[in-house]
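Chains as they are written, first to last, in the working numbering: chain A, 5 to 65; chain B, 16 to 157.
Calculated directly from the structure, the hints in this document are not laboratory data.
Since we're looking at a predicted model, the values are computed, not measured.
It cannot be assumed that every hint is accurate.
Calculated cross-link-like contacts (lysine to any residue; reagent style SDA-like; alpha-carbon spacing at most 20 Å) [claimed, not checked]:
#1 Lys156(B) to Leu61(B)
#2 Lys55(B) to Leu72(B)
#3 Lys7(A) to Leu72(B)
#4 Lys7(A) to Leu61(B)
One side of the interface only, derived from the structure: several residues of chain B facing chain A at Cβ under 10 Å [said to hold, decoys possible]:
#5 Pro32
#6 Phe53
#7 Gly58
#8 Leu89
#9 Lys132
Quick list of simulated restraints, FRET-style, between CB atoms [stated by the list, open to error]:
#10 Arg36(A) to Ala114(B): 39 to 49 Å
#11 Gly63(A) to Pro38(B): 43 to 53 Å
#12 Leu59(A) to Ala69(B): 39 to 49 Å
#13 His64(A) to Ala153(B): 48 to 58 Å
#14 Lys55(B) to Arg36(A): 46 to 56 Å
#15 Lys27(B) to Leu62(A): 41 to 51 Å
#16 Ile17(A) to Gly97(B): 21 to 31 Å
Every residue gets a Cβ at the ideal spot worked out from N, C-alpha and C, and that includes glycine.
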Amino acid sequence: MPKMNLSHFEAAILFALFTSVVLGVVTKQTDRDRLHYGVYIFVCFVVALFGLGWLMYLGHG
Amino acid sequence: MAKEKVKQKEQKPPAPPVGVWAPAVALGWLVPGAGHLFLKRTGRGLLLLASITAMFLCGLMMRGAMYQPQTGDLLTTLINTGGFIGDLCSGLLYLLTVAFGYNQPDVAGAVHDYGTKFLVAAGLLNVLAMVDVFEIAAGRKD
Numbered sequence: 005m006p007k008m009n010l011s012h013f014e015a016a017i018l019f020a021l022f023t024s025v026v027l028g029v030v031t032k033q034t035d036r037d038r039l040h041y042g043v044y045i046f047v048c049f050v051v052a053l054f055g056l057g058w059l060m061y062l063g064h065g
Numbered sequence: 016m017a018k019e020k021v022k023q024k025e026q027k028p029p030a031p032p033v034g035v036w037a038p039a040v041a042l043g044w045l046v047p048g049a050g051h052l053f054l055k056r057t058g059r060g061l062l063l064l065a066s067i068t069a070m071f072l073c074g075l076m077m078r079g080a081m082y083q084p085q086t087g088d089l090l091t092t093l094i095n096t097g098g099f100i101g102d103l104c105s106g107l108l109y110l111l112t113v114a115f116g117y118n119q120p121d122v123a124g125a126v127h128d129y130g131t132k133f134l135v136a137a138g139l140l141n142v143l144a145m146v147d148v149f150e151i152a153a154g155r156k157d
């Protein structure tokens, strides 16, 4: 089994990608809505990732 | 007016017969996305299959650990038993991993920890896919 070494950022982006695909597929009724919702969720994940990252950086001092 | 609202709330759609949804849901548990493929939702099924399987394999390659059910204090029970159920929800992926001895011991490290979470999250996403399969099979969703 090959080993995968990812940074926090890469792992979090990968997690966001897979999760948004599944949430997009299972939640909405039409393909157009599914695509929009999947992209929206992914963007939310990325914004939260950067937001929390900066929050921790600034909070740490 | 208020009574009508109460009546509307009480009128739930009748539960579909088990024979209608159980095979699709069981197939969806065993192989992620297979429930959708069984119900002829090919595109969605393939997307689910690819995403959930890739997430599980990434978790394995990051050397994530599988949870074992443990009892003790509330938090230990909740984390380990909940994690075990999450792992188990990946179906055949989990069963094959355990059967072929690919499950790793729990070791310290950020990447391993991410791997463990990827494995559980893959199972939990498969639960969402199974709920979707149930709704499609029951005719509540297209």
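Quick check: does the Cβ-Cβ distance between Lys27(B) and Leu62(A) fall within 41 to 51 Å? The hinted range 41 to 51 Å holds for Lys27(B) and Leu62(A), with Cβ atoms some 49 Å apart.
| said: If I claimed the Cβ atoms of Ile17(A) and Gly97(B) lie 21 to 31 Å apart, would that claim hold in this structure? | reply: holds (25 Å)
Fill in: Range agreement (Cβ of Pro38(B) with Cβ of Gly63(A), hint 43 to 53 Å)
holds (51 Å)
Taking the closest Cβ pair, is Pro32(B) under 10 Å from chain A? violated (23 Å)
Minimum Cβ distance from Leu89(B) to chain A below 10 Å? violated (27 Å)
Exercise. Decide if the proposed pair is consistent with the structure: Lys7(A) and Leu61(B), CA atoms, cutoff 20 Å inclusive.
Key: Cα-Cα ~26 Å, so violated.
With 39 to 49 Å as the target window, see if Arg36(A) and Ala114(B) comply at their CB atoms.
-> For Ala114(B) against Arg36(A), whose Cβ atoms are near 41 Å apart, the range 39 to 49 Å holds.
Item checked: Lys132(B) as an interface hint toward chain A, with CB separation required under 10 Å -> Status holds, d = 8 Å.
- request: Please test the hint of 48 to 58 Å on the beta carbon pair from His64(A) and Ala153(B).
  value: holds (50 Å)
Chain A contact restraint on Phe53(B) - CB to CB distance below 10 Å: violated (15 Å)
message: Against the 20 Å threshold, does the CA-CA distance of Lys156(B) and Leu61(B) hold or violate the hint?
response: Distance of about 18 Å is within 20 Å: holds.
- Could one say that the CB atoms of Lys55(B) and Arg36(A) fall in the range 46 to 56 Å? violated (20 Å)
Going down the numbered hints, you'll see the structure goes against 2, 4, 5, 6, 8, 12, 14, while the others check out.
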